[in-house]
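When you get a sec, could you build the whole thing from the sequences and use the hints?
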Amino acid sequence: MKKTNIGLILLLSSAIIYGSTLISASVYSKVLLNGSVGWDSRYGIFGTAIREVGSLSLIISVLLGIAGIVLIVMSLRNK
Numbered sequence: 051m052k053k054t055n056i057g058l059i060l061l062l063s064s065a066i067i068y069g070s071t072l073i074s075a076s077v078y079s080k081v082l083l084n085g086s087v088g089w090d091s092r093y094g095i096f097g098t099a100i101r102e103v104g105s106l107s108l109i110i111s112v113l114l115g116i117a118g119i120v121l122i123v124m125s126l127r128n129k
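Position in the sequence shown counted from 1, then plus 50, gives you the working numbering.
No lab work stands behind these hints, which were simulated from the structure alone. Watch out, some of these pointers could steer you wrong.
Stated by the list, open to error - Distance ranges between label pairs, derived from CB positions:
| # | residue 1 | residue 2 | range |
| --- | --- | --- | --- |
| 1 | L108 | N128 | 28 to 38 Å |
| 2 | D90 | K52 | 41 to 51 Å |
| 3 | F96 | I66 | 14 to 24 Å |
| 4 | R92 | K129 | 20 to 30 Å |
| 5 | S76 | I109 | 12 to 22 Å |
| 6 | G85 | K53 | 40 to 50 Å |
| 7 | G104 | N84 | 19 to 29 Å |
A quick note: this is a predicted structure, and the numbers were derived from the prediction, not measured. By construction, the Cβ of each residue, glycine as well, lies at the ideal position given by its N, Cα and C atoms.
And the structure:
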């Protein structure tokens with residue numbers, strides 16, 4: 051039961067981090083579009099915003115999600 055709770059907390063944390071990263075990138079993409087900062091044509095407006103906001107938070111959210119899923123699967127197999 052303890053592994054299930056920790057897994058669910060990790061999944062929730064992953065969703066919060068991922069969502070906040072996407073929201074901040076979408077806000078920053080409007081700044082790139084209207085401002086004089088400019089954006090890279092290889093990645094597009096949103097891709098440039100994701101790269102500048104930080105892909106580290108996306109990596110952390112994916113790792114937390116994987117760890118949460120592993121813990122939930124482990125707890126279900128032990129039942």
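Do D90 and K52 keep their Cβ atoms within the hinted range of 41 to 51 Å? holds, 46 Å
Distance restraint evaluation - G85, K53, Cβ atoms, bounds 40 to 50 Å: holds, 47 Å
Cβ-Cβ distance between L108 and N128: within 28 to 38 Å? Between L108 and N128, where Cβ atoms are some 31 Å apart, the hint holds.
I66 and F96 - C-beta distance against the hinted 14 to 24 Å: Because 20 Å falls inside the window, the suggested range holds.
Honestly, do G104 and N84 meet the 19 to 29 Å range at C-beta? holds, 21 Å
Range first: 20 to 30 Å. Now tell me if the beta carbons of R92 and K129 are that far apart. Since the Cβ atoms of R92 and K129 sit about 49 Å apart, the hinted range of 20 to 30 Å is violated.
Cβ separation of S76 and I109, checked against the hinted range 12 to 22 Å: holds, 19 Å
The structure is inconsistent with hint 4 alone, although it conforms to all the rest.
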